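> All chains, full assembly: derive it from the sequences and hints.
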Amino acid sequence: MKLTFSIMILLFGLVSINDTERSNYPTPPESEGMLFYIQRNHNSNTIVYTANFDEKGNLVEDKPVDVYWIRYEEDGRRMELRDIEKLFAYGVKSTKIETKENKYKIKLVADDERDFQLVQEAPFKAVIYTLINNKPSRLKHLYIFADNSGFWPKVKYIELFGEDSKTRKSCYEKRYTD
Numbered sequence: 011m012k013l014t015f016s017i018m019i020l021l022f023g024l025v026s027i028n029d030t031e032r033s034n035y036p037t038p039p040e041s042e043g044m045l046f047y048i049q050r051n052h053n054s055n056t057i058v059y060t061a062n063f064d065e066k067g068n069l070v071e072d073k074p075v076d077v078y079w080i081r082y083e084e085d086g087r088r089m090e091l092r093d094i095e096k097l098f099a100y101g102v103k104s105t106k107i108e109t110k111e112n113k114y115k116i117k118l119v120a121d122d123e124r125d126f127q128l129v130q131e132a133p134f135k136a137v138i139y140t141l142i143n144n145k146p147s148r149l150k151h152l153y154i155f156a157d158n159s160g161f162w163p164k165v166k167y168i169e170l171f172g173e174d175s176k177t178r179k180s181c182y183e184k185r186y187t188d
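Just so we're aligned, residue 11 is where the sequence shown starts under the numbering used here, counting upward by one.
Please keep in mind that the hints were generated in silico from the structure rather than gathered at the bench.
Be a bit skeptical, because a hint or two may be false.
[As the list claims (entries may be wrong)] Cross-link-like lysine-lysine pairs, in silico, PhoX-like; alpha carbons within 25 Å at most: (1) 150 to 117; (2) 176 to 145; (3) 166 to 150.
Predicted model, so just to flag it, every value in this text is computed and none were measured.
This is the structure in structure tokens:
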């Protein structure tokens, strides 16, 4: 019993440290094109998803989403994703919804069980919607916690942060992968 209690204190202490560290992560600057971003427990480098518009402000049909790193651990510079990162970690697959103008079904490699919808609301303005706690919501960001001790990181849980589409209140969901 004493050993179990000690382990629980140790685990809760580690969780607190991770939560504190995460609260100190920099937030990418908001722009009209930014859809959402992903942060991870590994470090503060952030993956940013932006709408890709043509010169008239319409989503580019064959690539409506642009994904890149902000390497905060390396002077905050922008860096394109590597091909392996696109295929196995942070890439997107988009399919135009034929019955709707300027709407796309989006699948994230990081969360392939969940459906996302990219909607253009005006020229040069688009948002991503998904269900957060079974409510239609605008996605703001994701946090991915992974065990990095093995050869290939194993995602333990994903947190979604957004805004309820009806109430405009903040919403949150945590989903464990095991």
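> Take the hints in turn and mark each one as holding or not.
Hints, verified against the model:
This hinted pair checks out: residue 150 and residue 117 have alpha carbons roughly 16 Å apart, not beyond 25 Å. Taken as a hint, the residue 176 and residue 145 pair is honoured in the structure, with Cα atoms around 9 Å apart against an allowance of 25 Å. About 20 Å separates the Cα atoms of residue 166 and residue 150, which keeps this hinted pair within 25 Å; it holds.
Hint violations for this structure: none, all hints satisfied.
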